[in-house]
Amino acid sequence: MADDRTFLMGKFAAHLPGTLRYARNHMWCRENAGQLRFGFTAYAIRLMQDVYFLEWHLSDGAAVELMQQIGHIETSKAVSDLFAPSTGVISQFNPELLKDPSAINVDGYGEGWLFEMQAPAPPLLSVDEYYQFLDQYWEKTQRMIKGKINTED
Amino acid sequence: MSRHRLTVVLSQAQGKNPAKRALEESITAALLMEPGLDVSIIPYLYDLHPEHTGRLFLESIKGDMVVLSWLYPRAAFWLLDRDGIKGHQGESQLKSANAEQEDEDDDENGADESPRGIGAVEVPERHIYCLDLRDHNSHLPYVEEVKRIAAECRDRRAAAGHGNASFVQLGTTLLAENGTQAPAPAATFAPEQLLAQPGRRWYPVIDYSRCTNCMECLDFCLFGVYGVDKLDRITVENQDSCKRGCPACSRVCPEHAIMFPDYKTPAIAGAPVGNISGLKIDLTRLFGGGDAMTMAAQERDRELVKEGREAVGLTVGIPKRQATKPAAPKDDLDNLMDALDALDI
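Residue numbers (the numbering used here), protein chains in the order written: chain A, 1 to 153; chain B, 1 to 345.
For the record, the hints were derived by calculation from the structure and aren't laboratory data.
Among the clues, some could well be false.
[Said to hold, decoys possible] Some chain B residues judged to face chain A by a derived CB distance under 10 Å, without partners named: (1) D282; (2) T284; (3) R285; (4) F287; (5) G288; (6) G289.
All residues carry an ideal CB built from backbone N, CA and C; glycine is no exception.
Next comes chain A alone, as it looks inside the complex (with noise of 0.2 Å):
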């Protein structure tokens, strides 16, 4: 089993546990007797900060593509539309966060998990391939995001 991995967002330490698989959309899965449950990394968490309100598109039992939108979320700092990570069926939504979302600020790797599906075969990531993953575009972005570079790749 691969170890746990830190990634560091300036003096932010986002835990990544090695237990856990990662989309490229900064969601963990875990799988459990043929569902995969999906949630937010602690590094999606970091950029949004806490959770206003979560909204799915889609009821449980939706078959989704990959990169579907299938939600939107707004948090304190951030919105965004959410996408599903992978092809495949969604079994159903956390009921608790529709109720109360913030369960994804306190326990984002636990009862903060998002949805889960069936999917045959998810495009996914390990710990590692995951930092390296943010390592790379965590610098990038932030060079894109000073304007320091505009058009090279």
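Take the given structure of chain A and dock chain B to it, following the hints.
Chain B alone, transformed into the frame defined by chain A:
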């Protein structure tokens, strides 16, 4: 001296939200008590079609004007500009209730007059101030700001030697020189005409302070929304050919000059450029929204298919250079970085 009157136009919200109506009514009631102001109410600005009485009324106003609406000021200003209701952009000092410490942040104003953009043309010598009704829940800040603007307009007029304010009100200024008919003084319309509810509309609004006339929107849009005017400037020619809910061309615009005032994402709806306070970061692209161009192509395809046409994906009207553009608009990223800085991480 005090013959100059400032026209204040309040544009109502869509729908019948009681909180919004209450704010509108308390602002109107307070302003009616103020001397030197002409106060009128019109429906939601964005929805006014060319024949709507509210629009005719706006066109008849020739002097300085304050427009209070449920729109970002940038969107409201350029929306008026597109409709021929032109003026210099008056600078509001109204701050959003969520934005406390942005006094030192003057970038926003600089961005408004970005030399990159082609700017407006045929701008008459008057100022239009646009205030966002979403900034405050109380009428007081708006009333104070309108009074401040009224004083500012008076001072400006006095400084320019326009002691006789009715000169501008009569509309005998620049417009007449161009051979267009000298318009009549601000017309009077019955309130029920002014307030006739228009149907909802959906169309892009170009911020010419940012637009460089690159024509990429013209190439991209396959619904004939864009055209060029007699000066070869890009223009939203057929507003109502636009597809409701589709903001694709605004994602394609390299200068982020295209606004959809009713779109949910602030950056597309015309939120102040480079102003993070009170504005949320859009993390959509980080969370898998794909790059702007892919999203735009998907949105366009959806509308093409709805019309029974073929989806074209990324094969038509996609600028080559966009292939290597950063995934997110710079404004969003600027905001993101500012927010990250603020987090002290």
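Results of checking the hints against the structure:
no. : hint : in the structure
1   : D282 : holds, 6 Å
2   : T284 : holds, 5 Å
3   : R285 : holds, 9 Å
4   : F287 : holds, 5 Å
5   : G288 : holds, 3 Å
6   : G289 : holds, 6 Å
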